[in-house]
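Enquirer: Sequence:
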Amino acid sequence: MTPSPRRACLALAAALVFLAGCSTSEAGSPPSVRKVETAVSVPPGSPVSATRVPTSTSSTSVPVPPPPVAGKVVVLDPGHNGGNASNPAEINKKVPAGRGQTKACNTTGTSTNAGYTEHQFTWDVSVRVRELLAAKGIKVVMTRDNDTGVGPCVDRRAAIGNQANADAVVSIHADGSNSLGAHGFHIAYSAPPLNAAQGEPAKRLATTLRDGLRSAGFATSTYIGSAGLSPRDDLGGLNLSERPAALVECGNMRNPNEAAVLSSPSGRQRYADAIAAAILAYLA
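So the sequence shown is residues 266 to 549, counted in the working numbering.
There could be a bad hint or two in this list.
[Unchecked claim] Quick list of in silico lysine-lysine cross-link-like pairs, DSS-like style, CA-CA up to 25 angstroms:
id	residue 1	residue 2
1	LYS468	LYS401
2	LYS358	LYS404
3	LYS358	LYS368
4	LYS368	LYS468
[What the hints assert, rightly or not] Listed next, with one range per pair, are the computed distances between beta-carbon atoms:
id	residue 1	residue 2	range
5	GLY402	SER491	28 to 38 angstroms
6	GLN366	SER529	34 to 44 angstroms
7	GLU465	ASN430	14 to 24 angstroms
8	TYR488	ALA399	12 to 22 angstroms
9	ALA525	SER444	27 to 37 angstroms
10	THR367	ASN443	23 to 33 angstroms
11	GLU465	ALA492	16 to 26 angstroms
12	VAL526	ALA400	21 to 31 angstroms
By construction, these hints were calculated from the structure, which means they are not laboratory data.
For each residue, glycine too, the CB sits at the ideal point set by N, CA and C.
Construct the complete structure from the given sequences, taking the supplied hints into account.
Expert: Here is the structure:
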């Protein structure tokens, strides 16, 4: 027998009540949230033609892709060493320096007129750069472990970068010119190149470091190179490198104004921030 319209409506109402009761758990708690995505239309010509917006607050985490620099290796080469001055025989012995040259194993470096040494500066800045890069997941290798030892020689410093298969080798120094008014940083790289890594990759590393320091407010050198870049054929650590390598002369320690920045912790942090940011830009 065909049910009357009134009976049909009552049946439908009963079914809806039954379904509503099933939407809660036995304890009367709210239903579990399921992540549902809803297509949202976007007008033509918009930057994104369509997107899907989650309609729940599900706590399911979304994997974050690793940064583009993950897995990279950077070798930092703090210039000189604290024990060099007291070991002249060791640091004055001749070692290969590339292009058929030999040079002294290492040197003592320079200092400010007030006695703050280059080896102290390079170690401090390198440690700061290391911490910044390591925080980004980069493996950092240092050519020396402290500021009290001797050397290593320039050929050994290059070998450390080669053996580490470094994506970038950055040597950190400061200069000591007594020329009147001489100030500013410059970036050295091996030229003419002796291998592929010393070509475009090294030039790009040097340029990126130059741009990073300049963007951080540091002035380019008034007495060496051009626009902050200094191609060199006489630096053993660069000549012997088989990886992209550059040497940063952060400033002139003999210039009183620049010495004040190089000697201060805040100034050294500025240098470290700029160098680390430039290395990250190069690697990315």
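Enquirer: Each hint should be assessed against the structure and marked as holding or not.
Expert: Status of each hint after checking the structure:
{"no.": "1", "hint": "LYS468 - LYS401", "verdict": "24 angstroms, holds"}
{"no.": "2", "hint": "LYS358 - LYS404", "verdict": "32 angstroms, violated"}
{"no.": "3", "hint": "LYS358 - LYS368", "verdict": "8 angstroms, holds"}
{"no.": "4", "hint": "LYS368 - LYS468", "verdict": "24 angstroms, holds"}
{"no.": "5", "hint": "GLY402 - SER491: 28 to 38 angstroms", "verdict": "35 angstroms, holds"}
{"no.": "6", "hint": "GLN366 - SER529: 34 to 44 angstroms", "verdict": "37 angstroms, holds"}
{"no.": "7", "hint": "GLU465 - ASN430: 14 to 24 angstroms", "verdict": "18 angstroms, holds"}
{"no.": "8", "hint": "TYR488 - ALA399: 12 to 22 angstroms", "verdict": "35 angstroms, violated"}
{"no.": "9", "hint": "ALA525 - SER444: 27 to 37 angstroms", "verdict": "18 angstroms, violated"}
{"no.": "10", "hint": "THR367 - ASN443: 23 to 33 angstroms", "verdict": "27 angstroms, holds"}
{"no.": "11", "hint": "GLU465 - ALA492: 16 to 26 angstroms", "verdict": "18 angstroms, holds"}
{"no.": "12", "hint": "VAL526 - ALA400: 21 to 31 angstroms", "verdict": "24 angstroms, holds"}
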